[in-house]
Amino acid sequence: MKLNLKIWRQEGPNVKGKLVDYPLDGVDGDMSFLEMMDILNEELINKGDVPVEFDHDCREGICGSCNMMINGEPHGPQKLTTTCQLHMRKFNDGDTITIEPWRAKAFPVVKDLIVDRSAFDRIQQAGGYISVNTSGNTQDANATPIEKEKADEAFWSATCIGCGACVAACKNASAMLFTSAKISQYALLPQGELEATQRVEAMVRQMDEEGFGNCSNTGACMVECPKGIKLENIARMNREYLKAEVVG
Amino acid sequence: MAVLDSKVPEGPLEEKWVNHKNNINLVNPANKRNIDVIVVGTGLAGSSAAATLGELGYNVKTFCYNDSPRRAHSIAAQGGINAAKNYQGDGDSNYRLFYDTIKGGDYRSREANTYRLAEVSSNIIDQCVAQGVPFAREYGGLLDNRSFGGVLVSRTFYAAGQTGQQLLLGAYSALNRQINRGKVQPFNRHEMLDLVVVDGKARGIIARNLVTGEIERHGAHAVVIASGGYGNVFFLSTNAMGSNVMAAWRTHRRGAFFANPCYTQIHPTCIPVSGEHQSKLTLMSESLRNDGRIWVPKKKEDAEAIRAGKLKGVNIPEEDRDYYLERRYPAFGNLVPRDVASRAAKERCDAGYGVNKTGQAVYLDFEAAFKRYGKVEALTRGHKNASEEEMIKLGKEVIKKKYGNLFDMYQNISDDNPYEVPMKIFPAVHYTMGGLWVDYNLQTTIPGCFAAGEANFSDHGANRLGASALMQGLADGYFVLPYTIGDYLANEIRTGEISTDTPEFEQAEKDTKERIEKLMNASGKHSVDYYHKKLGLIMWNKCGMSRNATDLQKAMDEISELRADFWANVRVTGSADTKNQELEKAGRVADFLELGELFAKDALDRNESCGGHFREEYQTPEGEALRDDENYDYVAAWEYNENPRDAKLHKEELVFENVELKTRSYK
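Here the protein sequences line up with chains L and E, keeping their order. Heads up, this note's numbering is the position in the first sequence plus 1001, with the first residue counted as 1. Heads up, this note's numbering is the position in the second sequence plus 42, with the first residue counted as 1.
The shape of chain L in the complex, shown without the other chains (with noise of 0.2 Å):
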């Protein structure tokens, strides 16, 4: 099939960026949108021109590396999703795709759909783990046994890739999903009780200082996360924040 694509160029941070056209053919459905990218590029590439630069490493749709606008919805139209496993049979012949990358303050554009998501890191550094020596002294596994329902809650929290869509989609680029999917994973864990005061607080102030905005209940991270992480997360995040608040 043919495509007419339009794809946000910017050479760096600082510098202008601007949608730029670029009609493909031979594109086959059973291409995944990443492939029918690597199309353009070697076409690109052959009349030496510079490569369109992306975010992509698995392909598998775990890794959540790859962070495409595409028509204006992260990860394009097919739910729970990523970019990687979006495939071309999803799109018809003539279609013009819209490609940009996530637009957050607290995701600076690195090159063209390559934006900085290091503030991700940032606020799991603040908090997002239990404070365990590696040292294998550790009791039993089997020790403290954790109810099935909990564990496998504890999860599907824990199953967020990090892709930054939740952030993408909010109008007030919040990072609240993914940040309460962390919080929820702990908290829900025996393991992960103990510090729980510190750990939401730690992470909810190093997501205020990195430039997320707050949540204003539009639901559009559930809507358009790849991997279905809940909106309850955010609601046990805020129960554990205010029970921080009142303990603390």
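Some hints could be false.
Stated by the list, open to error - Partner residues aside, some chain L positions facing chain E, computed with beta carbon under 10 Å: (1) D1141; (2) T1145; (3) I1147.
Unchecked claim - In silico DSSO-like pairs for lysine-lysine, Cα to Cα no more than 30 Å straight-line: (4) K1080(L) <-> K243(E); (5) K1149(L) <-> K438(E); (6) K1151(L) <-> K435(E); (7) K1048(L) <-> K1007(L).
Hints are computed from structural coordinates only; laboratory data are not their basis. Idealized CB from N, CA, C, for every residue including glycine.
Place chain E on chain L using the hints.
Then chain E, alone, in the frame of chain L:
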């Protein structure tokens, strides 16, 4: 040149590690503050090593090419991690895990390392649970297990089909804790381009900041290479697109021996290639083989009709299906090890029974599992007279809970619904068992340079059993390296800070810059991918699932020609002082073009079939691998010598004191 000294401690197998820990040198906590360690790669091995070294008190710098350590390719591992916990009471023990691993690796790994791996495996699970890794649990609240290829017990701990993700996020959280404490300094979007050796010791690295293009010098008292494997030498593989051999290969170029490059694991259950455009292959977890049955049509005409689109697999009656793994290997059935399952699939497809357009696919069928689980589910829900339809529906729900994400992924990629029609699968390049040669302390032949996880060669022999890569990465990083590196660093407490203003650093930086300039200034005929794909085809056709001497010789010649063409004619657009993914790829493919030739040379040199290395000239009349223990029971450790084909072979003879070398049979 150095004689390979494995430094395996004396004494009985089960006491070696404990004795070794009791006798090696320690560094006192006050001195650790004055010692710097560089860790290259932040997957399971790198993150866990860096976190632990930081926690012990060393000053650590980590390097990864991704924007965050959380994206390392360990995250994609699906199935699980082994540990000899014997929670199921099915007869598991450290010895059994050790034995399965040695046997699974076709007796080409080092006994002492493999035993240590089994020994610390239980600790890993305890550690990860304490860190908040949400493993799957049973209703009683205890940890659940499943079983994997090549073993007869249930010892695999898992988190749905996302075990690698959860374990990596666990290690990443431990790393974050040390970053927060200031003990670890992360250098993300950085790539190691060279190792700096001063007076025979590793003293730092040259790295490139992938955003600014800046070439940086970093000094340290020791360098740990934990940069993963080199499966991407095949272009198409299950590895992440960026996975590369650069750190290990540049270390090799500076003198570290590279061991067993030809040992590649071909994973039997991947989504088949769909067309020319394909950039990578996607694995379907081996755990699916617990419940899926693998088959092809019994009749050739059925297979032909399927390929022509005139017949569907679901419509072939039971009696006309050939469950070839169950037929050939009744004891292990669909759960034979990966190398055996892969070769059996190739054999059927080569014989004309393949079931997709290209003839390069077999079925992985869950119909029997839907029925089996559905029956149990119906009974436990009190539906004593459930219809078959109802049972199948319930069975599908059970399977969805176990493997839902994998089924979704399959449907996304192939556009087939695996709940309705059997999956199609085919073997693909997955994991590489070769890597930097290391001794028992995980030290390479360059003092002060260590290698951990997939980047070293030590624990899996010629074939890796499922669920053991995660185990090795974390064992090395959490529990082995932090001890053994101390033995080396104990002699470094008086060294003082490592200066990066020495001639060695200057030279390494100069070499690196020249290499980059050469890539930027080639004539510009073809893209990097053009060369990578060509190399991949040579590798797959001539060094792939089965090999022979004639093809291997040809492969060496073709790769060497391709390499010369690459350096003269590659086209890298853009500039070197900004983010430039083409330049990044060019540097990596340049290394693959060297490694590929050494790979073929190693395969040519090994006149036997073992594990992931199958030489057509050496097989039994039934087509099983024929090992030659008398002549090839050694680790092939190659010393760099300008041109890969001139690399010098060193042999580490393998000594087996605790297991008897037997023919590997899964019948």
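The hints, checked one at a time:
Taken as an interface hint, D1141(L) checks out: its beta carbon lies about 6 Å from the nearest beta carbon of chain E, inside 10 Å. Taking 10 Å as the C-beta contact cut-off toward chain E, the hint placing T1145(L) at the interface holds, the least distance being around 8 Å. Evaluation of the I1147(L) hint against chain E yields a held restraint, the C-beta minimum of about 5 Å falling below 10 Å. Of the supplied pair hints, the one linking K1080(L) and K243(E) is violated, its CA atoms being roughly 53 Å apart against a limit of 30 Å.
A threshold of 30 Å between alpha carbons decides the hint, and for K1149(L) with K438(E) the separation of about 21 Å falls inside it, so the pair holds. In summary, the hint linking K1151(L) to K435(E) is supported, as the alpha carbons are separated by about 26 Å, within the 30 Å threshold. A hinted pair counts as satisfied when its Cα atoms are at most 30 Å apart, and K1048(L) with K1007(L) qualifies at roughly 18 Å.
Violation of the numbered hints given earlier is confined to hint 4; every other hint is satisfied by the structure.
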